[in-house]
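Residue numbers (the numbering used here), protein chains in the order written: chain V, 1 to 306; chain X, 1 to 396; chain H, 1 to 331.
Derived from the structure by calculation, the hints contain no laboratory data. All C-beta atoms, glycine included, are put in the ideal place defined by N, C-alpha and C. Among the hints, erroneous ones may be present.
[What the hints assert, rightly or not] Which stretches of chain V does chain X cover? Using the computed rule of at least three CB atoms under 8 Å from a CB of chain X, they are:
#1 4–17
#2 265–277
[What the hints assert, rightly or not] Computed list of lysine-lysine pairs in BS3-like fashion (alpha-carbon distance at most 30 Å, straight line):
#3 K126(H) - K329(X)
#4 K126(H) - K99(X)
#5 K175(H) - K117(X)
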Amino acid sequence: MSLTLFLVQTLNGLQFGILLFLIAAGLTLVFGVMDFINLAHGVQYMVGAYLAAWFTALTGDFFLGLLLALPTALLFGLLLEWLVFRHLYGRDHLDQVLATFGVILFLNEAVKVAWGSSPLSVPIPDAFSGSVRMMDGLLYPVWRLVVIGSGFAIAIGLALLVSRTRLGMLVRAGAVNAPMVSALGVDIGRLFMIVFGFGAMLAGFAGAMVAPILSVEPGMGDNILILAFVVIVIGGIGSIRGAFAAALLVGLVDTLGRSFGPQMLRLMLDPSAASQTGRALAPMLIYILMAAVLIVRPAGLFPAQR
Amino acid sequence: MKNAKSGAGIAGGAIAALAFAAALAAPAAAQEKLKIGVILTLSGPAANLGEQARDAINLAVKNLGGKVGGVDTEVVTVDDELKPDVSVTKVKALLERDKVDFVIGPIFSNVLQAIHKPVTDSSAILISPNAGPSSYAGKMCSPNFFVTSYQNDQVHAILGKYAQDKGYKRVYLMTPNYQAGKDSMAGFKSQYKGEVVEESYVPLNTMDFSAELAKIAAAKPDAVFTFMPGGPGVNLVKQYRQAGLQNIPFLSAFTVDESTLPAQQDAAVGMYGGANWAPNFDNALSKKFVADFEAATGKVPGTYAIQAYDAISLIDSAVKATGGKVSDKKAIEAAMKKADFKSLRGSFAFNNNNYPIQDLYLVQVAKRPDGKFQTEIREKIFTADKDPYAKDCAMK
Amino acid sequence: MSAAGTDIAVTAKARQAVGGRERAIIATFVLLALAPIAAQAGPQGYIIDLITRMMIFAIAALSLDLILGYGAMVSFGHAAFIGLGAYAVGILASHGVTDFVVQLAAALAAAAVFAFVTGALSLRTKGVYFIMITLAFSQMLFFFGVSLSAYGGDDGLSLPERSRLFGLPLFSSDKGLFYATLACLIGCYLLCRAIVASRFGRVLRGARENPVRMTAIGFSPYRFQLVAYVISGMMAALAGALLANQTGFVSPAYMSWQRSGELLAMTIFGGVGTLVGPIIGAMAFLALEEWLAGLTEHWKMIFGPLLVCVVLFARGGIMGLAARIGGKRDG
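From just these sequences and the hints, can you work out the full model?
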């Protein structure tokens, strides 16, 4: 294993982490602020990707497509909020699980009816279609740098929004004691609506940004939803900082474990046993990580102060 | 108080009624009809494979004027949801509720593992239009189980043989981390004798292949062989191209085909696959089929479609040969074994284990003048190929 | 405050609901017992098979309700126990051990050990963290199943034959398996009811409602919760052992997180914390699935909104709805 390869893989791990953060950010916000388990976050991410693919195909330009997809995702989120979610605030978590599970079933099928069951394609926008040379024979697409950049921008933006603005202050206050905020004359329903719509738009944004790298297909949000939950739980629910750190941790553990785990095991076991064990362990790694973190710190790495 | 009871009682009664309604919701069958049950994956991310097969079956039945083998035919289609346990109940519904004579399905081998026994234990005949695991090709072969696709190993062997013939010295193997992935590598290695640089197993449903691509770049192999069906295959192909690795030949099985090309598009052009057929197959029947299929569905058909189409043609030939006597299953099986039908892929025969003997080709992705993408045949790798498990099958 | 008055009203209402539930469950069991006879009119094997499957998931949902409804432990990994039970049957059968007693003993033992170890660790966490850590453990088991290439890995494992009971092929007929499953369901229901009504059950509920007080009066909720978790896991393993027999097949798909989610949905759909509700919920869930799937390929577009409506308009699931219908007519 060369040092270059190790560095490249570390970078890959970090960028996978950023990708995860992009998706988990909206989830942790909605969950933390509104104490709402939104299983439908994954399908909102999928809808974002579909909208981006659709508008890009219609307009012929990715950025125009993105520009149209974002407000549509927002409107869509608000529609869902109006139809379903606002009736579930303050209800039992289990009710939220069942209702959002129903939303998943509906939307996964609905995108198939609307756009067909074949996966869709979104080309990388021309302006960013170049690549940089990472190591001998390996290029790094500039688009991935853009994705990483947007992940950082969202992390910083969210942190500032929550800690520096009046809205952020209300959001934090609402998370701690919603009735009190309401008694002080703030329309808590409207606050939640704004947060939910914002979360939906973040999910849609994540979907749109990864569409040029990934396959846009029905059900694409289901597995990512679980990963996003893993991230926000490791990080501590409601903590943007925690989600960011946990996303990077998960990305690193997964990528490095996958790339170098088998070699490590070969040092200890004979080759066939090593490959057998490696194959069994690799997909479990992030779950082992999550279980270990929760056993040591039952409320995640950065528990939100309540 | 009494009313609370009745409320709950109503709920209980309603469930029971619902269960029976669900169970009995089949039309009463007229016995003279030929009934074909179709069980495919029609929901979830993998639905487009099942849809190709379903559309082809409907097209085939329509081309026969609704009379397969000259007998009025009814097709009952159910969705296996890609859940093995669900598929068992669904297939029992086909067998006992709909009383089908044939079952065509499924797409995936784990579903086949679940429904094989219930169907082969019944009097119905099972035809797999896609899944061809080794488990039923050898000792456990069965007289009422036919495969119109391939034995899985054969497809992987195409690429192994090609890599061997081409003189590639070092090949990098990468598959998903499950049984089919392991079998795929074994199939490739059965023909390829050069150095295997790395056997890389990636987790199911991998989205980001950056780590694997870096490893490939570092290993500098002469070629990459992969088996990466569905969404992960789309991700891999796009990212492979974006990482600038296209100079390393990309040999694949079930990774670039008509089900994934709509999403891979230009990124897949030039990549290789192995198949028993491709849309540009030079055969009048096949050309007509491709045109009809595209007219009906707007999609380019893949092997999933022609294998299902052939399944109907096979039934048609056997029922005709027995003079429309659907109930005589032994005669039908004997007639099916002759494979006396016009396959869309030209030459086709059944081996003693009821798996196909057919020509296998190296295919390559190309962009058509109309802007759609398809695989095209590059060279014939095997002629009248038989799978290696048939010798363990006791059937003649 | 008229707290006392409300309390009495609530108790009366609760008692009323319990009476209704008893009626409902007895009616359900009787209907089930008669189902094979009624089924003779139609495609018998299929109906029996479908209802057997419904009852198996009813057992699993019931076991989930025991910890979910009474111990407030939301397990998002309950399918793992179904998988353990199914694999115990599958693996033993592939080695020629076909006696159900032996298979079941292995299934229960495996589930007990897994539940004890993972439960002991998981119960250190609360709420959503508990949900996710149970998910983590079940995912580990899922991937372990996938990598188990000696037993088919991802493709799964076919049973050479259904289990035998003391050497007798009781399960080999669909009816035999049906009645065995019904007996298991009734047995599990009675067991759960006894547990809930016992001192143990009261402590469990107390621990859910006021853990501080329980600790103060000298009960350690942790131990009670862990025992409940182990019992629940074993019961789900029983469902798994039956499922392996019903399908004649075992696969890691039984342990996927989607499956755990469906179990949760069935339980909530029926009504959490009622024991009867999850039984009816699971059966209704599967019956609806089967019925809607027969109507249209896009049945999930109907089923999804239906679940949403149940949450929005029928608080407490089917049982809540039933009680309210009864209550309204009362008023």
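Results for each hint:
Here the region 4–17 of chain V counts 8 residues with a CB under 8 Å from a CB of chain X, which clears the bar of 3, and the coverage holds. Interface restraint, the region 265–277 of chain V with chain X: violated (1 residues with C-beta to C-beta distance below 8 Å; minimum three). For the suggested pair K126(H) and K329(X), the alpha carbons sit about 60 Å apart, so the restraint of at most 30 Å is broken. Pair hint K126(H) plus K99(X) does not hold up; C-alpha atoms about 51 Å apart against a cutoff of 30 Å.
Simply put, K175(H) and K117(X) have alpha-carbon atoms about 18 Å apart, close enough for the 30 Å limit, and the pair holds.
Of the numbered hints stated above, those contradicted by the structure are hints 2, 3, 4, listed in ascending order.
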